[in-house]
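Trainee: What follows is the residue order along each chain.
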Amino acid sequence: MTPMSLDAMAASVPDGALIAMPPDNSLPSVALAKALIRRGVRGLRLLGVPVGGFAADILIGAGCVVEVETSAVSLGEAGFAPRFSAAIRAGSIVMRDCTCPAVHTMLQAAEKGVPFMPLRGLIGSDILAHRPDWKVVPNPYGEPGDDIVLLPAISPDVAAFHAVMADEAGNVWVGRRRECATLAHASKRALVTVERVVPGNFLEDENLASGAISATYIEAVAIATRGARPAALLDEYGFDAAYVAEYARMARSEAGFQEWVAREVFSQAVAA
Amino acid sequence: MSFVLEELLAVTIARLIRDPAAPPARHIAVGAASPIPAAACWLVAKQGAPVRLSLLHKRSGNPFTEGTRELFDLTGQGRIDLFFLGGGEIDGAANLNLIGTGEWPGTGVRFPGSFGSAFMYMMTNRTILFREEHSPRVLVDRVAHISAPGVSAPGVFRRGHAQALVTGRCVFRFHPERARFSLESLHPGESVDAIRAATGFDFDAADDVPQTTAPTDAELALLRGVVCDEMRETYPEFCARVFNRKSAA
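Chains A and B are the protein sequences, given in the same order.
Oh and the first sequence: position 102 is 102 in this note's numbering, straight run, nothing missing.
Oh and the second sequence: position 176 is 176 in this note's numbering, straight run, nothing missing.
It is possible that part of the hints are untrue.
[Said to hold, decoys possible] Here are the in silico distance ranges between beta carbons for each label pair:
| id | chain 1 | residue 1 | chain 2 | residue 2 | range |
| --- | --- | --- | --- | --- | --- |
| 1 | A | Val198 | B | Leu5 | 35 to 41 Å |
| 2 | B | Ala153 | A | Arg89 | 40 to 46 Å |
| 3 | B | Gly48 | A | Asp133 | 48 to 54 Å |
| 4 | A | Val198 | B | Met1 | 50 to 56 Å |
| 5 | B | Met1 | A | Gly142 | 25 to 31 Å |
[What the hints assert, rightly or not] Where chain A lies over chain B, by a calculated footprint (3+ residues, C-beta under 8 Å):
| id | segment |
| --- | --- |
| 6 | 91-105 |
| 7 | 216-225 |
The hints are simulated quantities; they were obtained by calculation from the structure and are not laboratory data.
Glycine included, every Cβ here is placed at the ideal spot set by N, Cα and C.
Full structure from sequences and hints, please.
Mentor: Put into structure tokens, the structure is as follows:
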């Protein structure tokens, strides 16, 4: 397995792709999000698995996104996601509201190769009322009147996340963050940034195998040191609350966001 | 011993968790950015109750090894007894709005989004609603949009409802059979009239509404000691501000 450059990875994401990403507590590739902004990608449809965080907000702010499907976009302790909120107010993105287990269920359906999966709950929520693609049917195994919601399988064009490491065989290691495995299994292409590439094969090591995602599912790996930052990466490094708080302050205005992007995205074109 | 509002709220929620009239709380899950509910759960555990706590955002030793879907899978099976929810708007029928105000999808003020509420509220055995801000903009007559419904039509599969709504000013008990709140207790300095003025929905109130019971010295000692120890990794700022305990360097 030969890693590709971060910029080449960003260049391989076509305009208009359905790209799925985890939020700040779950191994986002902020490095790839910044590289996508530098490449000037347009028309992305973003799936937040199951919510969106910092990376989602900067992509929306940079005008890369036309549609968001997720259960929330938030900066956590730093508050509302400012560019997401502004885009909703301006009507400049299409928002398809979900609830967290619905996102997981749609991906699990794709993982299994079945056209839909049922999910309890949801009945009586306006989320369901605004999702004509979600269907309510009688539970074929239940009592009369027991309705249940069917959710379509969703197979993202691209899954993007940040793993701790890759091995020589192209397997990647995410520890207990198995939602990244479901995401990779369900997606047409998984693009993974890593802190480092190590010798050997995780699948040969019983202790590492359960936290690994097989190279079967991984299209490409790029090295991006501290690539989740400001998000935390397992026990490797912590959440950079000051960085996100400063972003939240600056991105309250469009001008402040542009200043932030110029400084933190464009002037930091990492040699990858 | 004197106490701050956050300590009163944590102790009040802990008493609701232990309420013998409510379904047992053997396994409690706590979501992101919820230091006061987390403190309440740790207090119950440190008081010796046999309770399993699953804190979603615990970085080291996170309870879920099958990814973030595991919480929802557990809840789908009925294995989460108690969860906490809030809302940008909460109405008198305990409907929650985490979408926003104005036209769908929140063209007035957009809230972050519904997270797992549309599922968790219906599939958990009971829910404690918590929102510190008690104002007519939060506690409304009718929510602009329903992320998660307070009650469901007959026949709809649902395991539980809101047990109570705890705010920075009072405790409301929820009655799913009539889809209404009643005023359970008033925090120090509050009156029924003041609560009516600050609440956008109508609610029931007895002639004599008691005060919310103050924390005991033993409860405060646990909160400021062993509960704070457990919380400092996830909520360093909260622990520094409320318990006056700075993080270790």
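Trainee: Give a verdict on every hint.
Mentor: Structure-based check of each hint:
| no. | hint | result |
| --- | --- | --- |
| 1 | A:Val198 / B:Leu5: 35 to 41 Å | violated (50 Å) |
| 2 | B:Ala153 / A:Arg89: 40 to 46 Å | violated (34 Å) |
| 3 | B:Gly48 / A:Asp133: 48 to 54 Å | holds (49 Å) |
| 4 | A:Val198 / B:Met1: 50 to 56 Å | holds (54 Å) |
| 5 | B:Met1 / A:Gly142: 25 to 31 Å | violated (54 Å) |
| 6 | 91-105 | holds (count 5) |
| 7 | 216-225 | violated (count 0) |
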